[in-house]
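Q: Here is what each chain is made of, one letter per residue.
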Amino acid sequence: EPEVTQTPSHQVTQMGQEVILRCVPISNHLYFYWYRQILGQKVEFLVSFYNNEISEKSEIFDDQFSVERPDGSNFTLKIRSTKLEDSAMYFCASSDQASSGVTQYFGPGTRLLVL
Amino acid sequence: AQSVTQPDIHITVSEGASLELRCNYSYGATPYLFWYVQSPGQGLQLLLKYFSGDTLVQGIKGFEAEFKRSQSSFNLRKPSVHWSDAAEYFCAVGAMLTGGGNKLTFGTGTQLKVEL
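The listed protein sequences derive, respectively, from chains B and C. For the record, in the first sequence the residue sitting at position 92 is 94 according to my numbering, with numbers rising by one throughout. For the record, in the second sequence the residue sitting at position 103 is 1471 according to my numbering, with numbers rising by one throughout.
Pulled out of the complex, with its shape left as it was, chain B reads as follows (with noise of 0.2 Å):
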């Protein structure tokens, strides 16, 4: 069954560091997504991509982080300089055209520390 892959499943970082979260959608998706989980929160939507460009993003989602789909496969995650407070669990999903892109697959998440 094809499933939402993301790496690295553990980064840890300094304060002021750039870091980048890797995502391999489902080959077939063509909606796109990242969800952040604070330890003990609940998960928050970021942003949501589609047809190469971002079609909403939320508060969180300010001038520090940026997606791109660099290639027919990867969707990435750039922080330009991590703060404490962004140290979360990363999530990624996709959804294919069916119904217009409602039912979403999650990866494994991507547990970012900012020391």
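It is worth saying that the hints were derived from the structure and are not from the lab. A few of these clues could be false.
Unchecked claim - Selected chain C positions facing chain B (in silico; Cβ < 7 Å):
1) Leu1465
2) Gly1469
3) Thr1476
Using N, Cα and C, we set each Cβ at its ideal position, and we do this for glycine too.
Assemble chain C onto chain B, guided by the hints.
A: Chain C only, in chain B's frame:
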């Protein structure tokens, strides 16, 4: 804006007992509703979804959920819980985006513990 409330933070049931996890949503239109499960250190696995039609939906692992518009609820049920069902369960509502796709808003989750 949409929102989801899961009133139970923790629930403990005995193996073999029935289970009901509560979910209430707020959304202006016909909602797309989902239940996801997260085992420790794992990602979010889709259990079931409701778009329209039959208000009782079946999912994987023997779970079902019932959509009740009058109560704005989408409670998850299982007739007989197995020890492997111990996990965190998230209810979510989806809102269509004008630019394509949809945005999920999650509840705070219910941690299920199963006693042997």
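Q: Work down the list of hints and note, for each, if the structure agrees.
A: Each hint tested on the structure:
1. Because the closest C-beta pair between Leu1465 (chain C) and chain B is about 5 Å apart, less than 7 Å, the hint holds.
2. Given the 7 Å rule on beta carbons, the hint for Gly1469 (chain C) holds: about 4 Å separates it from the nearest Cβ of chain B.
3. Taking 7 Å as the C-beta contact cut-off toward chain B, the hint placing Thr1476 (chain C) at the interface holds, the least distance being around 5 Å.
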